[in-house]
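A.B. asks: With the hints in hand, could you dock these two chains into one complex?
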Amino acid sequence: MHGRIKVRTTEEQKILKDKENKRKICAYKKGMAYILSSRKKDSYDPESFSISSQILLLNPHVYTLWNYRKEVILMEIQKCCNMENELVKFLEKELDFTQQCIYNSPKCYSTWHHRYWILENHPSPNWDNEYTLCLKYLTVDDRNFLCWDYRRLILNKTGLCLEKELEFSTDRLNINFSNYSSWHYRSTLRVLNADTLENELNLVQNAVFTDPYDTSAWFYFRWILNHKEILREKRKEVLESLKN
Amino acid sequence: MGSILKDVELKENIPTTVIFSKHIEFLTDYGQQKESYEAVMTDYLRMSGMYWCLTALELINTSPFPKNDIVEFIKSCQDTESGGISASNDHDPHLLYTLSAVQILCLYDSLDAIDLEGVTRYVASLQNPDGSFAGDKWGEIDTRFSFCAVATLSLIKKLDVINIDKAVEFVKSCMNFDGGFGSRPQSESHAGLIYCCVAFLSITGKLDIVNQDNLAWWLCERQLPSGGLNGRPEKLPDVCYSWWVLSSLAMLGRLHWIDRNALKKYILACQDIETGGFADRPGDMPDPYHTLFGLAALSLLGLESIEKVNAAFCMPQSVIDKLQIHIQMLQ
Ligand SMILES: [Zn+2]
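Chains V and G, in that order, are what the protein sequence lines are. First residue of the first sequence? That's 1 in full-length UniProt numbering, and the numbers climb one at a time after it. First residue of the second sequence? That's 1 in full-length UniProt numbering, and the numbers climb one at a time after it.
Isolated chain G, as found in the complex (with noise of 0.2 Å):
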């Protein structure tokens, strides 16, 4: 059985530089539908998508939305009781959008708006005794729930409340024959929960249990010969691995294991050039999700016109710095 190689071809008239002004159209149209179909229907993951939207604009030195209202809405979302943040307000507390609202929190330098006693409280709460983290009181676990748990708790300054060791020590035992992580122990590498392992490490400064230039071998090998990056052996490249993958490269300090340039084109093409906003491949529907991790992935590839990203929260450097957090990256 021949394989067939799995890419995408460029065309001839793809966009090759941003498209700055097209993209703000789009995100802030995107933040000011709260009833069109998209935004009803993707209600379950409100808080997430504003992250998206409001970091995008943030690398691209804009921020159309009145703070308040923003903060409002985040206040409104969380639960008294369990101290977790909902994805919108009639949604159930979860920690992946409990990390989102800090997020935007952090942005706005208005993390005094929530109760982060509960917050901490919350993130506490699900971890179980191997180290692991539920993702809300139902039980789900997943490496993502790790990442979520520190990111939040590092950017609220209170990592001390959870068992580091512990929390590693599972993160561990999730690292595969390939140098790569996935979801649980035993679990297949995904360029996605790499990430989030990877991240993890650099934010607890454990680092030195990858085994570096595997797992970059892994990570670099992603890249197809349209100049994107998949996620999996054998899938199709998509804009939001261009991020999983480099930024992951980034923390591992072998980021010019890729081609630039190829996946700089690759990512371009990915642009919408009627209505802005990037698209996981060229003449695909484009969406916020994909628009961040298109301007954060050409940030690291150090477009400059672009804010600088900082690779484990995937939030403007500078506002990381303010925070004083710093993370660790390999030589």
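So here's chain V without its partners, still in its complex pose (with noise of 0.2 Å):
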């Protein structure tokens, strides 16, 4: 529903894309209605499996295909109870699906969920390894919120290491200044107190000054300078800069 330019088509391309969609929809129907069929408490059939894949990688929003995955990964940990391998292999299967389909379709919450989910409920989960990802994929998008807030998720696993988030920000916003929210994530990471705020505050103006028609610094600008640790006179100083 977003971003999508009207565009004016032929009578024949209509037709074409009519036909197109026509297969579309009974595709799909009649892979919901055999997926929906065989969904049982107990046991799940493979092909089922395979088709929700398909609907997936094409439509990540169909929740309910994605709750029904995780019914079958029940079911799967159930059943694998005494082989830890086949389960992880059968897990990391599910976890490259997933990539593919963030691939696919960046901003869809339940596909990042999912992943979440997956490694929740994985015996042997590799946290680091998600970390590495997320990195890689906020170098694609680095305002895509979904991956921030999947890193936060993860970084609540692995423990936050202060030092190295905070070089990880400087290095975000040497790459772009203007990405409010490499700026927001500093604002969470930064305790503002008199040995902190006088490197804040020097960051923050090389920000604005560098492109002051950027918006993305100023608020960070605003809520440095409003702190009470800031001295009057620094205070007024700062201002009076703004002036030229």
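Since the hints were made in silico from the structure, they are not lab data. Just so you know, nobody snuck in bad clues.
Straight-line distance between alpha carbons at most 27 Å, and here's what the computed DSS-like set of lysine-lysine pairs gives:
hint	chain 1	residue 1	chain 2	residue 2
1	G	K235	V	K6
2	V	K136	G	K235
3	G	K172	V	K157
4	V	K41	G	K137
5	V	K30	G	K75
6	V	K14	G	K34
7	V	K29	G	K137
8	V	K6	G	K22
9	G	K34	V	K22
10	V	K79	G	K137
11	G	K137	V	K107
12	V	K6	G	K34
C.D. replies: Structure representation (structure tokens):
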């Protein structure tokens, strides 16, 4: 529903498109009916499972199919209680699958949640791998807030090394000063006090002077300047310098 | 690195009035074509789709669909076990669609048609010990679901079944350095989630916890030279954010911080004069979602030919009045 430009089509193109759409509707409905008719509490049909992959690759928003896959995973967990290798193999495949879906549609809540859910049910989750994956995705789109949110969940698992994360946020800002997500992230890390204020003020002043028309840094600037530990003279001096 | 302003330019020949009859046509068609490509491929959100269409039509004083069919459909989507309501028949219950269903039933004065005890039980079952809400039994947590929970319970007069203090505490823990809110603690501020949190606080009467002017400043900074509003800094304008931002400002008592005429011009420019309906941006494909939020925003801007809308529920004010529900609005 977002960013779909209206294109003019000829009558001929329209007929072709309609035909194609009819085929897609038919396949979708047939697939859904097949999956749902085989959906049971104690067993599952591999054919249905693979049809659900095909549908989700095209349309990851069909949340019911992710629920169905979670039910299947729970059955696998039950089944494999003495064969951890088998289970891990199954779960790793499912993780790969979510990665494909995220690649196709990076802004689908259900997919990110499904991935996290798998790892929570994984006997030996590799959180560090997820950490690296997030960096990869943020390099593609450094404003994807679903990826940032996911990264935060991962950090809750791995534990957060403040120094490393501050460095990460400085790196992100150096790549792009106008990245509001990075400024925001920095605000969650920085405990403002007499020791840190000077450094933050320098950083954000630098950003604002580099590109005064970019709005991102100004919000951080205002936050820093409003801090009670900033001396009145310092605030006055900074505000004076903005007049020029 | 110089920044390129992310905005759109409005053309000369843009519509400057609301093309009501076209919108009625657009929304009616959308509601009737249950077998169209769009309808089938979006059946995972049909209940919300119906809420967008029907509310948009109510705001322009039309209700072309037989009430019985709609109520029967909603009844058929309620899960007898959990009490929750699904997006459509082949789908699982979820808080998002439970709210949409309850909103539609309020429009039609038919709340009694479903098992309200079930809905109450469902919503209450999704609250976590930290006060947050999951969207369904699979545990995704988001402030959107905190809003859905209190909005649903408020409409059916059952707010007392959840732990409100804890729920407020969780929403408060999602407040950021810029005064805004995100989906979870420490998540970036986003106008859609700000709306959810501000409306949540307005419904629960706890708006006093917000940093009123700090947040309102962030919100009014969403306005771009085209007049349109974006949802986060350095993003493109989009009609749905007209609603999320404007309704939040209305609840914060700072609607006047927006250039109303410029915004009105932008929203009107997003109408599709051929098919009716509003798109996110001029020249894009229209859809019922942006049509509702475009009309609702125009209502907040005081357009007299559109019914008055309630800022927290995005429903006609007359419906909320009839239910005798009062929301908190700051001065
Ligand atoms: Zn939008």
